[in-house]
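Peer 1: Generate coordinates for the entire structure from the input sequences, incorporating the hints supplied.
Chains as they are written, first to last, in the working numbering: chain A, 1 to 820; chain B, 1 to 162.
Accuracy of the hints is not assured; some may be wrong.
[As the list claims (entries may be wrong)] With a straight-line cut-off of 27 Å between C-alpha atoms, the simulated DSS-like cross-links for lysine-lysine are:
# : chain 1 : residue 1 : chain 2 : residue 2
1 : B       : 133       : A       : 741
2 : A       : 27        : B       : 95
3 : A       : 7         : A       : 566
4 : B       : 95        : A       : 741
5 : A       : 487       : A       : 11
Derived from the structure by calculation, the hints contain no laboratory data.
One letter stands for each residue in the lines below.
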Amino acid sequence: MSGNGQKWVGKAVPRKEEERLLRGLGKFADDIKLHETLYLRFVRSPYAHAKIANISTAEAEKIPGVVCTLTGAEIASQTQPFIEIAPDAGGKIRDYPLAVSKVRYQGEPVAAVVAMSAAIADDGAEAVQVDYEALDPVVDAEQALTDASILHEDAGTNKVWNGVFEYGDVEKAFREAASVVEIDRMHFHRFSSTPLENNVVIGQWDPKDERIYYWCNNSFPSFAIQFLAAHLNVHIDRIRVQTFDIGGSFGIKITSYPQMAVCALASKKAGGRPIKWVETRSEHMTSSAHGNERTFRDTRVALDENGVITALTSRHIDDCGAYPRYEPLGCVIWSQVFPGVYRFKNARIDFSQAVTNKCPVGPNRGYSRMQHLWFLERVVDICAHELGIPADEMRLRNYIRPQEFPYTTPNGCVYDSGNYPKMLDLAKGLIGWDAWKKKQAEARKQGRMVGIGIGTTLDSGTNNFGQSQIVNPGAPFSGNSQGANCKLDIYGEVVVAVGSCPQGQGHETTAAQVVADVLNITPDLVTVRTGFDTERNVHTGFSGTYASQFAVSGLSAVHGAAQKLKAEMIRLGAHVLESKPEDLDFGIGGQGPEIRSKSNGKSINYWGLANIVNVNSAVLPPELYEVTLNCRYIWRAPFKVPDIKKKYGNLTMTYASQLHIAVVEVDRDTLIPKILDYVAIDDCGTVINPPIVEGQVYGATAHGIGAALLENCVYDEVGNMLTSTFSDYIPITAMNMPNVKYGHIETPSPHSYSGAKGMGEGGAAPIHTISAALQDALFDKGVFIQDSFNNADSLFRALHGEIGQTAKLVKVERRVGSKA
Amino acid sequence: MPETIDKVAIQLKVNGKLYSLAVEPRTLLVELLREELNLTGTHVGCDTTYCGACTVLLNGASVKSCTMFAVQADGAEILTVEGLAKDGKLHPIQKAFGDSYGLQCGYCTPGLMLSTFQLVTKNHEPSENEIRKAIAGNTCRCTGYQNIFKAIRLAAQNMKGA
Ligand code: FES
Ligand code: FES
Numbered sequence: 001m002s003g004n005g006q007k008w009v010g011k012a013v014p015r016k017e018e019e020r021l022l023r024g025l026g027k028f029a030d031d032i033k034l035h036e037t038l039y040l041r042f043v044r045s046p047y048a049h050a051k052i053a054n055i056s057t058a059e060a061e062k063i064p065g066v067v068c069t070l071t072g073a074e075i076a077s078q079t080q081p082f083i084e085i086a087p088d089a090g091g092k093i094r095d096y097p098l099a100v101s102k103v104r105y106q107g108e109p110v111a112a113v114v115a116m117s118a119a120i121a122d123d124g125a126e127a128v129q130v131d132y133e134a135l136d137p138v139v140d141a142e143q144a145l146t147d148a149s150i151l152h153e154d155a156g157t158n159k160v161w162n163g164v165f166e167y168g169d170v171e172k173a174f175r176e177a178a179s180v181v182e183i184d185r186m187h188f189h190r191f192s193s194t195p196l197e198n199n200v201v202i203g204q205w206d207p208k209d210e211r212i213y214y215w216c217n218n219s220f221p222s223f224a225i226q227f228l229a230a231h232l233n234v235h236i237d238r239i240r241v242q243t244f245d246i247g248g249s250f251g252i253k254i255t256s257y258p259q260m261a262v263c264a265l266a267s268k269k270a271g272g273r274p275i276k277w278v279e280t281r282s283e284h285m286t287s288s289a290h291g292n293e294r295t296f297r298d299t300r301v302a303l304d305e306n307g308v309i310t311a312l313t314s315r316h317i318d319d320c321g322a323y324p325r326y327e328p329l330g331c332v333i334w335s336q337v338f339p340g341v342y343r344f345k346n347a348r349i350d351f352s353q354a355v356t357n358k359c360p361v362g363p364n365r366g367y368s369r370m371q372h373l374w375f376l377e378r379v380v381d382i383c384a385h386e387l388g389i390p391a392d393e394m395r396l397r398n399y400i401r402p403q404e405f406p407y408t409t410p411n412g413c414v415y416d417s418g419n420y421p422k423m424l425d426l427a428k429g430l431i432g433w434d435a436w437k438k439k440q441a442e443a444r445k446q447g448r449m450v451g452i453g454i455g456t457t458l459d460s461g462t463n464n465f466g467q468s469q470i471v472n473p474g475a476p477f478s479g480n481s482q483g484a485n486c487k488l489d490i491y492g493e494v495v496v497a498v499g500s501c502p503q504g505q506g507h508e509t510t511a512a513q514v515v516a517d518v519l520n521i522t523p524d525l526v527t528v529r530t531g532f533d534t535e536r537n538v539h540t541g542f543s544g545t546y547a548s549q550f551a552v553s554g555l556s557a558v559h560g561a562a563q564k565l566k567a568e569m570i571r572l573g574a575h576v577l578e579s580k581p582e583d584l585d586f587g588i589g590g591q592g593p594e595i596r597s598k599s600n601g602k603s604i605n606y607w608g609l610a611n612i613v614n615v616n617s618a619v620l621p622p623e624l625y626e627v628t629l630n631c632r633y634i635w636r637a638p639f640k641v642p643d644i645k646k647k648y649g650n651l652t653m654t655y656a657s658q659l660h661i662a663v664v665e666v667d668r669d670t671l672i673p674k675i676l677d678y679v680a681i682d683d684c685g686t687v688i689n690p691p692i693v694e695g696q697v698y699g700a701t702a703h704g705i706g707a708a709l710l711e712n713c714v715y716d717e718v719g720n721m722l723t724s725t726f727s728d729y730i731p732i733t734a735m736n737m738p739n740v741k742y743g744h745i746e747t748p749s750p751h752s753y754s755g756a757k758g759m760g761e762g763g764a765a766p767i768h769t770i771s772a773a774l775q776d777a778l779f780d781k782g783v784f785i786q787d788s789f790n791n792a793d794s795l796f797r798a799l800h801g802e803i804g805q806t807a808k809l810v811k812v813e814r815r816v817g818s819k820a
Numbered sequence: 001m002p003e004t005i006d007k008v009a010i011q012l013k014v015n016g017k018l019y020s021l022a023v024e025p026r027t028l029l030v031e032l033l034r035e036e037l038n039l040t041g042t043h044v045g046c047d048t049t050y051c052g053a054c055t056v057l058l059n060g061a062s063v064k065s066c067t068m069f070a071v072q073a074d075g076a077e078i079l080t081v082e083g084l085a086k087d088g089k090l091h092p093i094q095k096a097f098g099d100s101y102g103l104q105c106g107y108c109t110p111g112l113m114l115s116t117f118q119l120v121t122k123n124h125e126p127s128e129n130e131i132r133k134a135i136a137g138n139t140c141r142c143t144g145y146q147n148i149f150k151a152i153r154l155a156a157q158n159m160k161g162a
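Peer 2: Structure (structure tokens):
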């Protein structure tokens, strides 16, 4: 019998997804063509902040082929505003999928035109007349907090959330500090990981059964249907969402539910015909979602005589754009990594979030944690420099020690496992640290600006949604779960369905590996259903693909379902083969996958088992009637609701870690930063499929390098977005992506059944690393890298004393007893 | 805008098959391929000729089909991703991308493979720089390009024997 105990988890199993994708036969949302489809275009605001005085759709409706139009006022009259996660005042915001009486960011949709073809819909959108009365735009979050110009009158303030996170004894730590470092202002810029496939929605409100059908590429459908059902006043079971192949999301496609709402309402108005909306890249850039922008103010750091950080205080202002939408979850999600990889116990962070006249933000790869982790890495490097401690040494003194895991952070999160010093060692070895240090010294003698930077970061995966109660005590969410179904189909095929909706992460492959191991068969014998479908009934309210969790939540669900199926197969097999359950073996025989009795040599293949249950059930004894060979399993994360008052509790199950080192040179003539060498070390616990993990690391590295040096969502002072096309935004290409040296260690997680940790977001390690390297290159020029985005222009201004002057922005107070 | 737009008759060969069609002058080549011929393996990722998701071969040269009108392809021979495999067997370039884990979501892959096609049919030992240049106009948001570089090197090797 083959299938002889070979394990597939941990192997470089080729991806099951490849076959169709390589042939151009992937099924992406825009590839779907339904009978009688109509096409929708949005009319969008050219203003960042303006009153809508009048909308006239009459001319558009005269165009042959235009079927109907929709405006915000019309939508508001038949729907509820979207649910707000924020408590008051943010909770009072009235958010509709089309602007109702005013627009709040450039690109905000104000009307929609539905037509027989996409081209006619374009013509129609151009014919819609909108009169605006411009209002004062607010593009800066700190300015927004002054409430000089209010975005949402219903809220009465631009501050949508504020909370203080305080742990330990901060005052005492500052009193006893050997030195105190103060940093005036730092800023994490706005960017977006911009999946190559734009958002696509096909929506149909079918009058025949009064159900709403979606064929789309939303990446968190369980969340979308909760928002849509409440907004559209329909029973949630009336909404069916299907996704297929998705051309990347990186979190951005979580927030396509407003467009989904418009497509349903347009379909209703058009008599139930399917409505297709395919976003253009410019629409995606101006009005899908960007990552959170954050400003860090008045940071104070207390250190002991060895340069060990003992306390930190700071004020953080997050900019969520015009509507909070998925926010203010980001106001707590960063605290999953409150101390980063460091041991300090005392800290106070005052966190606010403001609305501004810019595109709403959404969960972008590294969501909310990367901003904070970048901040901590900047703090560590600046303190190291000011105290004269080498950057690597500073980290070793401050890292959580390998023997301290599982480590409880000051705010009650439990870091499952890790070994940061070992990663640092490995990274230094791979990049040739000592050799580069020598080369750097020589280069500096010649006046060249070469820097070496370290970035240590975390990718926290599998959220405890109970953290939503820290931002809003009334939020009805906690814990986390995922569903899966594993069955023998009527002819005995092994079929698995999961509640995730992958976008290239290889879920079909890894799910098949897990099932193959449980049943002792090969992954090619396991069919994994692609995409998401509410009708499969394997989803929970948390299902989707986001937040680095599939290896834990998704595969735990798959594993649970496979084991349930196996248990049923054993019960049935024992009866059929007249054998004791413990005498049964699973494997592959002459007639495919089978169960065989070790005691009497009899066997039955999967077809035989499925046959009995499905079409030959008269042979089943009544005591086996409950065997269905169709097993649904819901995996639940063992979380508790956090202590809301103290903002204390375990917020995440696993903590994958990354350590990157970059060598960067700033060209003396052009000031263009160039990466000379790059290494990325990853630890995501037990690896399920090594090349898939490696691929995720490369992808996250490219996003981070792009964000650090090329990709920036730029707005001018009146809220015009200046980077509204790919040609202006410049996503990283093969020309500017360096070769990456990859290495990994494995510290198995005690929190997941397999030892795996969720991964994929990558903690934005390159942003921290490149900032550190640039800082190292420019410290002796008196330049302080205070922004996460740096290019020739900003470096020019820094080198010419306009911005980022260390002398002005960083202060050090040394007290008696300070050795450093 | 005109009430009715006169269609223009064109003829072109796509993946070896001859088509005679009437198209609106404003129809882009990529729209023709995707909407009229149902060849949905060619994708669209941008609106400024940046991303290369729409790359096809036109008379042997890689072009961005979003930046050409269908009428400009009158008389041309076009190869799209659907035409790469022969008799059901993957083309050496497709094999190389698969074997090298050169794709994740796969949205960029058809365009990348066709840019690769143009490079490796002529050059079986491309340098790193030649590889990077060949796909400078193809954006991939998932892979960070590392495995694509590997895939192209392997494709070039595969083509030696082919
Ligand atoms: S779609 Fe043609 S270059 Fe982007
Ligand atoms: S594999 Fe997703 S864009 Fe390249």
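Peer 1: If a hint holds in the structure, say so; if it does not, say that too.
Peer 2: Going through the hints against the structure:
With a C-alpha separation of about 21 Å, the suggested pair residue 133/B and residue 741/A falls inside the 27 Å cut-off, and the hint holds. For the hint linking residue 27/A to residue 95/B, the alpha-carbon distance of about 20 Å falls within 27 Å, and the restraint holds. Taking the CA atoms of residue 7/A and residue 566/A, the gap is about 16 Å. The hint holds against a cut of 27 Å. Only pairs whose Cα atoms come within 27 Å are accepted, and residue 95/B paired with residue 741/A is accepted, the gap being roughly 24 Å.
Pair hint residue 487/A plus residue 11/A holds up; C-alpha atoms about 24 Å apart against a cutoff of 27 Å.
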